[in-house]
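Here's the letter readout for the chains.
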Amino acid sequence: LAKTTQPISMDSYEGQEVNITCSHNNIATNDYITWYQQFPSQGPRFIIQGYKTKVTNEVASLFIPADRKSSTLSLPRVSLSDTAVYYCLVVRRDDKIIFGKGTRLHILP
Amino acid sequence: DSGVTQTPKHLITATGQRVTLRCSPRSGDLSVYWYQQSLDQGLQFLIQYYNGEERAKGNILERFSAQQFPDLHSELNLSSLELGDSALYFCASSVAVQGANNNEQFFGPGTRLTVL
Chain G
1 LAKTTQPISM
11 DSYEGQEVNI
21 TCSHNNIATN
31 DYITWYQQFP
41 SQGPRFIIQG
51 YKTKVTNEVA
61 SLFIPADRKS
71 STLSLPRVSL
81 SDTAVYYCLV
91 VRRDDKIIFG
101 KGTRLHILP
Chain E
1 DSGVTQTPKH
11 LITATGQRVT
21 LRCSPRSGDL
31 SVYWYQQSLD
41 QGLQFLIQYY
51 NGEERAKGNI
61 LERFSAQQFP
71 DLHSELNLSS
81 LELGDSALYF
91 CASSVAVQGA
101 NNNEQFFGPG
111 TRLTVL
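Chain order of the listed sequences is G and E.
Number 109 marks the last residue of the first sequence (this note's numbering); no jumps.
Number 116 marks the last residue of the second sequence (this note's numbering); no jumps.
Here chain E stands alone, though its shape is the one from the complex (with noise of 0.2 Å):
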């Protein structure tokens, strides 16, 4: 068990909606990283944040946003859902000195999102 938790396991939902993947850090993690796992794509960094504040940005779609609130937790949504939207969703949290990313990440169970 790595400390860090995500809601809800399982998704399924049709094409054009909207969900939102929820992540609580490891206790004393400030930085939040949210991944997107396909088959055929391998892992993707979306994005990272720091204590509340968006710290480095990956392959985001513009359909996709996320946010950390103050209690550290952090929210992935997304809107307009397409079939290839369909992947597993991971939250990953560090201690991350000043925001640096180069620390041991800890990664959650992942969300497995299903678009129909």
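Bound-form chain G, shown alone (with noise of 0.2 Å):
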């Protein structure tokens, strides 16, 4: 089961950049990296999958290197609504699902 270790929290200003990187040294290769972000007593919202390279989407960025042992999750010109939990998910098909800790992300105005 491939375990994943990000930031505990993290906090950052309206406007700026945010990367939030994950490590997840022992992944398999069938595995997929997913990222959601969860507001306080909503369910978490799926955000944006890859397995290689790089992925964009309307919300997000993330960024994988060849060895897959990490990923890093950007998010352009963040705003006070992104604060949230953000949780990095390495999937394997018929496995159980490990959300972890997240990363606590307190935007500031």
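Simulated from the structure, these hints should not be mistaken for lab results.
Where is the CB? At the ideal position from N, CA and C, for every residue including glycine.
Any given hint might turn out to be false.
Said to hold, decoys possible - If we take Cβ atoms under 7 Å as the criterion, some of the chain E residues that face chain G in the derived model are: (1) G16; (2) G52; (3) E54; (4) G108.
Unchecked claim - Derived lysine-lysine pairs resembling DSSO-like cross-links, with alpha carbons at most 27 Å apart: (5) K101/G - K54/G; (6) K96/G - K52/G; (7) K3/G - K101/G; (8) K3/G - K54/G; (9) K57/E - K54/G; (10) K52/G - K69/G; (11) K57/E - K9/E; (12) K57/E - K96/G; (13) K96/G - K54/G; (14) K69/G - K101/G; (15) K52/G - K101/G; (16) K3/G - K96/G; (17) K3/G - K9/E; (18) K9/E - K101/G; (19) K3/G - K52/G; (20) K9/E - K54/G; (21) K69/G - K9/E; (22) K69/G - K3/G.
Mind docking these for me? Both chains are given alone in their own frames, and the hints should help you get the complex.
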């Protein structure tokens, strides 16, 4: 089972780019890297998923180096509403899912 | 709105009791997942069902059981409740081709269970 490690918390300011890095040293060949966002008392919301290199959508970018042992979620020009918990998951096709404690991102005005 | 519905929104009960939480997945989603989130434990995966069959199992206690019905809705049964079972219980659903759980999951609003 692939375990992930990410910072417990981060602070940033409105308008800045925020990068949250997650390490997953024992990632397996068929594992995908997925990020979710969660606001208080709400269910998590899917942000982005990738397998290798770079993936970009309207919300974020995900950078995955060639060895896939880490990944970086990049949030461009954050706003106060991006204050949330961000979870990095390494998902294996037929295995249980580990969310971990996530990174509490606090955006300051 | 994710399209996943959960009932009830809130549930208050006493220790030793049994409750049933209900989840309706998004239209067309065959996989349903259950999670428990308490303050000190984070988001814990309990169990996944795909088209009526159990697919993956997490840290689900023996006092807890779940099932997915032919209409694809799912129920999580919690029995012999303890104070420590107080938590938010989330249901999620996904397309999950062939039951694979590496697809985007859509989470419901959750059921807040309080055990007194």
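Honestly, which of those hints from before does the structure not fit? 1, 2, 3, 9, 17, 20 and 21
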